[in-house]
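2 protein chains.
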Amino acid sequence: MGVSLPRKELFDIPEGVIYLDGNSLGVLPKGAAARAQQTITEEWGAQLIRAWNSAGWMALPQVVGDRIADLIGAPAGSVATGDTLSIKVYQALAAALKMRPDRKVILSDNGNFPSDLYMAEGLIKTLDQGYTLRTPAPEEVMAAITEEVAVVMLTQVDYRSGRMHDMAAITQRAHEVGAVMIWDLAHSAGAVQLDMAASKAEFAVGCSYKYLNGGPGAPAFIYVRPDIVESIEPALSGWLGHDAPFAMELSYRPASATERMRVGTPPILQLAVLQEALTAWDGVDMAELRAASQRLSDLFITEVEKRCPMLTLASPREASTRGSQVSFAFEHGYLAMQAIIDRGVIGDFRAPNIMRFGFTPLYLDDADIIAAAEIIEEVMAKELWRAEKYNVRLRVT
Amino acid sequence: MGVSLPRKELFDIPEGVIYLDGNSLGVLPKGAAARAQQTITEEWGAQLIRAWNSAGWMALPQVVGDRIADLIGAPAGSVATGDTLSIKVYQALAAALKMRPDRKVILSDNGNFPSDLYMAEGLIKTLDQGYTLRTPAPEEVMAAITEEVAVVMLTQVDYRSGRMHDMAAITQRAHEVGAVMIWDLAHSAGAVQLDMAASKAEFAVGCSYKYLNGGPGAPAFIYVRPDIVESIEPALSGWLGHDAPFAMELSYRPASATERMRVGTPPILQLAVLQEALTAWDGVDMAELRAASQRLSDLFITEVEKRCPMLTLASPREASTRGSQVSFAFEHGYLAMQAIIDRGVIGDFRAPNIMRFGFTPLYLDDADIIAAAEIIEEVMAKELWRAEKYNVRLRVT
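If you read the protein sequences in the order shown, they are chains A and B. The numbers in the working numbering rise by one with no breaks, and the one at position 268 of the first sequence is 268. For the working numbering, add 1000 to where a residue sits in the second sequence, where the first one is 1.
Accuracy of the hints is not assured; some may be wrong.
Unchecked claim - Capping the alpha-carbon separation at 30 angstroms, the derived lysine-lysine pairs in DSS-like fashion look like this: (1) A:LYS104 - B:LYS1389; (2) B:LYS1098 - B:LYS1125; (3) B:LYS1125 - A:LYS125.
What the hints assert, rightly or not - These stretches of chain B come out as covered by chain A in the derived footprint (C-beta under 8 angstroms, 3 or more residues): (4) 1221-1233; (5) 1249-1262.
By construction, these hints were calculated from the structure, which means they are not laboratory data. The structure presented is a predicted model; accordingly, all values stated were derived computationally and were not measured. Beta carbons: idealized from backbone N, C-alpha and C, even for Gly.
Please build the complete structure, drawing on both the sequences and the hints.
Here it is as structure tokens:
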């Protein structure tokens, strides 16, 4: 048995807000501000350059990586933190392609987060060696895993629909044809149960500002399967991935294990706040968290569908094939979401017509879901989104 | 006339410390802690996902980039911020190589910061197209710029000795042979007068945690010459370098100008603190700053040489060929630096035998230099570094 959920007392959630956007930017953990103060005033300010040792800054990326490893079912030392998710995608893909030099196909899907596809495009152009990126529909991925494929690169949980790929089955299929597997866990880490070690996938990448509540621009992470990591020559071979960064050698020698996937100087302020945020996961049983996520999501679907016939479910109805979010399609979804946000229920919108709601069992309960559904009903039934003010808003998120 | 220097009142410097390591990690600006609190509590905490617009987070990388552009003599819109310096080196080098597809030589020097060389190595291995990295001694670089060279990639100010390359002459020579020029400004930005536009160099990269006082892990920056930027296809083509990130298109289309060199979600906490730190530069005349830097550095050399005959100057004696630091070589430099730091004068050590002292006219004056020299004299004359405690310290910085 884990600690009981939710743990609202650990977070500062604004009065009058029901936050269904933790899948985009998690809420503020109560300890974050104090931790930032400590890092800035007592460490940077008082200890200055010495803080790299005296305040544990040098070790921080690894300490945080080990905590994340635990959350994704990976062993200590197998996860490195830093950079952004896009950079980590590039690192994983560049390394994976080197593992299958005789194959020229990268397989993803057209539901993947665009930046993952863009990073693959950029790598393909940079290499200029005839690589192809294939992006079939998500449901056609399994059939598209053929012996031509060098790397299968997928985001487990679709950022728009919440549809979840079967990690075990796809990884197994990829390995059957000799392909390397990369999972993007952006919408998985802290949202669904993960066992990266059991999956046997070679790589996983993810971000920490969504379900992990690390704050805006919190660093990304990369997992590399321990039995292959020592053979990887990182494409982004920065000094903090060097075996002896301060020896100032002229040639690169990779650090042991996944530390070699580090690149430059770590973002200490962001890492410190993330480390604090991760304490909210202490004692959480991920099976219980997943069960709570499914209960909240199912309740939301039931409540919204019975109240709002004009909204069309754009997520899988079956909870086991869904991450921790629920989306509805609506022609005027952008405007409707603005009107809903104005009334204290914060979800978000993704082009072209997706109203997206995320469920974070760390700080949401059933009463929040009912209250949110009531507000959505009011906006939809009265067409409050037709108000003039929503039409003049700049559309930038 | 600029504001008078130093501006110690803008910084929180610990009592009893003379900080000669602002070339490694700048001191804490007084407003940084409050700015971090605001970003965390009032923006992240209270506005949540809406803060990307309501608190100006989306625009922050560009706003900070424009401020840095001004400090390096570059036009607004020509500098993008984010990631680490190593990543920005990779981006610049990958783009530069594409500009000279018929040439296979990258020219740097063996005094360059190792991570720049490592990133070049990683790119060369990743491309696997027969590229070579040449690293002659710094003084032999000019003669090594031949028509074989695709890219000249140098750090203007040597991280160990402070020796400064002649940016104008080298860039001109590179262009005479048809090579592309990349300058690393890690030890230049905020330290010496820069006029990137006049230099005609195609690329410059730098970091913001040294002389710019952005704090540990503050983001890096990249400058691209405006007349070539629209032809660049970024190797690291992330969604925030896309022309329309939130349109969620499946294919990459670069944003206009240097914005295309952005990659992933920006580190908002670090950027906010950096923006605050950059206000210390408001009204500073860079010619006056450079003059103050040379005066402080010359005074330090004079005072240390007359007091410490066992130390050998490892920096150019002529101020115009030196950045804003002075190094001395000493066989037991690591231990001596520990003893000096223990007495409140903070410099640092770089392998194999370099005691390094940085001069930051924003928060140092002549009295600091004299006081520092007196402490160094005491440590050296009495061989205080021979104390047992210095021999048991782990050597990690």
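Status of each hint after checking the structure:
no., hint, in the structure
1, A:LYS104 - B:LYS1389, "violated (58 angstroms)"
2, B:LYS1098 - B:LYS1125, "holds (16 angstroms)"
3, B:LYS1125 - A:LYS125, "holds (15 angstroms)"
4, 1221-1233, "violated (count 1)"
5, 1249-1262, "holds (count 4)"
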